[in-house]
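Here the protein sequences line up with chains Y and W, keeping their order.
2 is the number of the first residue of the first sequence in this note's numbering; add one for each residue after it.
149 is the number of the first residue of the second sequence in this note's numbering; add one for each residue after it.
In short, the hints are calculated from the structure, not lab data.
No experiment lies behind these values; they were computed from the predicted model shown.
Be careful, since some hints might not be right.
[Said to hold, decoys possible] In the DSBU-like style, the derived pairs of lysine-lysine whose C-alpha atoms are separated by at most 30 Å in a straight line are:
no.	chain 1	residue 1	chain 2	residue 2
1	W	Lys530	W	Lys332
2	W	Lys521	Y	Lys41
3	W	Lys530	W	Lys514
4	W	Lys514	W	Lys529
5	W	Lys514	Y	Lys41
6	Y	Lys41	W	Lys332
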Amino acid sequence: MEEIIKTAGIAISSVLALAVLFVIVRSQWTIWRQERRQEKQHIYNK
Amino acid sequence: MPQPLYLIFFSANLAFILTNLYGWLLKWFYRPRAYDEDFLRLFPAQRAVGWLYLLQVLELPYLLNIGQADALLYVNAFSVLVFSLQMLVMCEGYFFPEVHHRLSEYWVFLPPIVSLFPLFLQAFGLIRLPEWHRTATFIIVSILFLWYFWRTICMALRIGRAVRRANEDTYADSDDFPTRFGDKIQWLPTGICVLMAVNFFIDDPTAKAFRDVLFTVVNIWFCIYTLNPWRKPFDITAKTTETMSAEPDGLSSDEKDETTASADETQFRLTDDRYTELSHRLESLLSDEHIFTEQHITADTLMQRLGINANYLTEVIQRSGYSSFYDMISQHRVRHAISLIRQHPDRRMADIAYDCGFTSQSSMTKAFASQGKESPSSYRKKA
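Just chain W, with the same shape it has in the complex (with noise of 0.2 Å):
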């Protein structure tokens, strides 16, 4: 390999070792002074992100051969198997931190490990496989690749659910849902499961020193952000009542986690004299108040109108047969549209929209969708 080419694959490679283990010190030992105390319950997934930057230690023995087609195998599988293991190990703990899981799930650790130590021991010239090790090796690899694959495919939607349900559960309008950091990258783990698989089957030592640049630029991005002292954890609401779907693989959800289950196994814990009163006081805000038609409500202003925390009104809303607090200010708001609409054929379509209490007449569009009903403009043309 020419000189300059060799010092530049190197360089890349360098630099994306020496950011990853930066990366780690600061996810194990930083502390911003902001979350002194409460810093490891609001970002719980540190040691997760931590352990991911010092596994890239493992990358030595391209380093030291840099070029070389054994170690070139080795450290793009490694980046492949073990990158998306740990992006989905991250994500669980970040975004899911109240469930528990038995150290028997993380069995999904030992294809990776088998298939990669073989080659680790090649890499560094300890030992000398047989021919067929590299069609073995991409066969393997492949395989799980698509597996790593589909389980972040499964994560992303798990995230997206989770992300929505915490939203229904306070906001009445989706143009309120606020845009977490849930949103915003519940798909990176599978982009970079298959940008590290597109560098794999490449095989290229150039296509490798491209990914250290790209990788090392987002760390670098990544170290920036974790050092600012006011970041904001991320708050998913923990009322996590669905039951989050059961994955037949390991880091699976404990269905038998009482923080996990179904709305149908939730325990009650209002009697039934005071359910009886309080879906009374919430038919009567809701019936006679018209609570609904006030935009932007969320689920607070119920809890002050009814004298109860989010946990008695989240059980007060479901034993009354709605799914959720979206779903429930939903269904009044486009019955009273329909209502409107039906006498007011006339009356343009935004201002009953902000009649009933939508932010807008998408909302409201939006609103009838879910609740599996035509367009407003369907009932206008009946009407």
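In isolation and in its complexed conformation, chain Y is listed as follows (with noise of 0.2 Å):
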């Protein structure tokens, strides 16, 4: 039963996991190329 359970967790928390860091990898790129397109804007700007 143990074993069964830590299988069972294993599994679902690795796909929960994956799912958080695909999730926080986008949020970051999106991030990251507002950040870029700002300072274009400002260097465009100056």
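Reassemble the complex: the two chains are provided individually, in unrelated frames, and hints are given to aid placement.
Encoded structure:
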């Protein structure tokens, strides 16, 4: 029983971890892109 | 366990505990000179972060019994439950400091305390639990993990909404939204919660050692970050007039708190005459002067032109039927863009975007979408 719970737990938490990692990477990518755009705008305005 | 392996696991855990203790001392007792007087106001979650660090001392049973199954079970369960909860407390204190919580809302800490206490005693060798306790622990911790995981998701979404709301009250273009601290760390509690869960279910001293090393590095980075005397506070403007979604469990927003009242329930501060005068002047700025065509316009510009403060401006905007400053400017820009597209179907979209005050063509497309309109090119095709 314990092994079943452990295996299921590893599977579910790994899937959740991958999903969260995907969301984090995507949001950080969007933030990075926005910061680059703002920098270019700032340089252009100068 | 072979001696070298024991030494590695012991060192990793000891480093983790010591960096946590150092972090606790910094959070509770260190005041950067730049913010000496206002420190607690600008960085409201210092005590909560300090508690998170201090609580890691409760990993001591594992440090004294490296590799032992009972101690490992206790320390992994402790990490999953207490870390997740304390990070929720931290986020609540950092991003929503104006929300006051009753002591009774901290009942969410009871299930982990009740389930961890017997394991804590067993880890120290003070009691011997029955054989089925391991299976029961895995079941209980799994249920609690799923509940806390859900709460970290809700917290992340709440932070995202609050940051967006603060941005929409100040800026008229999503390209101008500053990337604040909140955007960068809103998913951190969720990520840490699942990492701890993966470590718990693997139930292996090697995985625990990896976890210790990873978080020791994070702690060292965080201590260096804390020691920076010029670090900027997170500044979510406390215009919390949106209704935060009430959570059914503890640590929920107090709906009766005035600072979290919905727009409909906001107490109007302006008299009707004053509001009428201001709304006419605002309408004149928008319809006659086309102030919305100014790029990078912010709420400060309107405040200066109308001679009012942020609270009054928000009230005028909302009483006029707009949800935010961003919504008001977007509506006017989109209407103006549609009329320009119809009048000059051959003009470049980028030129029309700049004439309407957008910082880019993509920003114009986003504004059309946010207003529920078709894309600008659809209007051109119809023209």
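Against the structure, the hints:
no.	hint	result
1	W:Lys530 <-> W:Lys332	41 Å, violated
2	W:Lys521 <-> Y:Lys41	29 Å, holds
3	W:Lys530 <-> W:Lys514	20 Å, holds
4	W:Lys514 <-> W:Lys529	19 Å, holds
5	W:Lys514 <-> Y:Lys41	20 Å, holds
6	Y:Lys41 <-> W:Lys332	21 Å, holds
This entry does not satisfy hint 1, going by the numbered hints stated previously; all others are met.
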